[in-house]
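Student: Spelled out, the chains give:
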Amino acid sequence: MSSTAAAGAIDHHHDPSTTTGIPNKKLLMWAFLASDCMFFGCLISTHLIYRLHPPPGTPIARQVFSIELTSFSTFILLMSSLMMALAVNAIQKGNLKSLRWSLVTTILFGCIFLGCQVYEFRNFVFEKHLTITNSILGTTFFTLTGTHGLHVLIGVIWLTGMLIYSFTGRLSEKDAIDVEMMGLYWHFVDIVWIVIFTAVYLLEYI
Amino acid sequence: MSAPATSDHAAGHEQEQSKFWIFVQLAMLLAVITGLELVTVYLPFMKWILVTVLVVLSTVKFMFVIFYFMHLRWDKAFCTILFFIGLVLASGTMWALLKLFSAEASKPLTMAEPPAIVLRVA
Chain L
1 MSSTAAAGAI
11 DHHHDPSTTT
21 GIPNKKLLMW
31 AFLASDCMFF
41 GCLISTHLIY
51 RLHPPPGTPI
61 ARQVFSIELT
71 SFSTFILLMS
81 SLMMALAVNA
91 IQKGNLKSLR
101 WSLVTTILFG
111 CIFLGCQVYE
121 FRNFVFEKHL
131 TITNSILGTT
141 FFTLTGTHGL
151 HVLIGVIWLT
161 GMLIYSFTGR
171 LSEKDAIDVE
181 MMGLYWHFVD
191 IVWIVIFTAV
201 YLLEYI
Chain D
207 MSAPATSDHA
217 AGHEQEQSKF
227 WIFVQLAMLL
237 AVITGLELVT
247 VYLPFMKWIL
257 VTVLVVLSTV
267 KFMFVIFYFM
277 HLRWDKAFCT
287 ILFFIGLVLA
297 SGTMWALLKL
307 FSAEASKPLT
317 MAEPPAIVLR
327 VA
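Chains L and D, in that order, give the protein sequences. For the first sequence, position 178 matches number 178 in this note's numbering, and the numbering has no gaps at all. For the second sequence, position 71 matches number 277 in this note's numbering, and the numbering has no gaps at all.
Excised from the complex, chain L in its bound form:
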């Protein structure tokens, strides 16, 4: 453990300097995530509404989807969430070495998830002939999962930036809030996928 941690414990959950007792950065991130909930809520609703009444000629979703690949992606994203939680735990203890390993693993899992999504999209477009313009299913599916994929990509870029920053020597236990904010964003991406996995993929198999 670092000398900072040994000298006096930092309370990472409360900040007496703000009126709410919550660090302002954390409050900002929670407010953003609450608004993002509504954004994804609308995208998921749109997809489900069009699935309720598919127009004639709509491809059969369960013949297009690959549940094995999606389950693997889900598992990978869950494990990336674990590594992110460990990264936050590590910086709160001032353990930079552990933080870096956790960040590298999270980035790796994030890239695997994105790779799976690119493979899935290519497969849908070139093999199953499902594009964003040729059917309602394609439009709502690619818009929803593509927006989620974009969130993952932003998360991976943010994580990579934080990893590089950790080598400059300016990141310490007192900056744990920055890593925690990034962690909140990453976990949010995970919970959105939990909903998408059930609402978009699994429900098609019932």
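It should be emphasised that the hints constitute simulated quantities derived from the structure, not laboratory data. Hints may contain errors.
Partial list, computed: chain L residues near chain D (C-beta under 8 Å) [what the hints assert, rightly or not]:
no., residue
1, P16
2, T18
3, N24
4, I49
5, S81
6, L86
7, Q117
8, V195
Glycine included, C-beta positions come from ideal geometry on N, C-alpha and C.
Starting from the structure of chain L, add chain D where the hints point.
Tutor: Structure of chain D alone, referenced to chain L:
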């Protein structure tokens, strides 16, 4: 370092160690629940039962992630309230839209029953 400071430090260290194991065990639990979800869709039960099971399982996963991985359990209650405002609004919007569009009157004309022809005799 004084004795109370040392004991505080030890308690903090213990809490952090226990958090580590909580996270690892939770990740394993989430993986198991995902496996259960996958098995559920192939079970020969009525559709509404399967949908309910899937919704409950994904809600459990969702709650575990936000309360443990996202530290809501250890943070001030205001963070939970703030996030749940967005979550309730989003869920309410989804519920309302799905109810609205699942009504008979909202079916697209190409799928709905053809309207009855009413002859008006002058």
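Student: Decide, hint by hint, whether the structure agrees.
Tutor: Evaluated hints:
Interface restraint check for P16 (chain L): the shortest CB-CB distance to chain D comes to about 12 Å, outside 8 Å, so the restraint is violated. For T18 (chain L), the interface hint is violated, the least distance from its beta-carbon to any beta-carbon of chain D being 10 Å, above 8 Å. At its closest, the beta carbon of N24 (chain L) sits 12 Å from a beta carbon of chain D; the interface hint therefore is violated under the 8 Å criterion. Given the 8 Å rule on beta carbons, the hint for I49 (chain L) holds: about 4 Å separates it from the nearest Cβ of chain D.
A cut of 8 Å between beta carbons decides the hint on S81 (chain L): the least distance to chain D is about 5 Å, and the hint holds. Hint status for L86 (chain L) relative to chain D: holds, with the closest Cβ pair at about 6 Å, below 8 Å. Below 8 Å, beta-carbon pairs count as interface contacts, and Q117 (chain L) has none with chain D, the closest being about 17 Å; its hint is therefore violated. Hint on V195 (chain L) holds. Least Cβ distance to chain D is approximately 6 Å, under the 8 Å limit.
Comparing the model with each earlier hint shows violations of hints 1, 2, 3 and 7; every other hint is respected.
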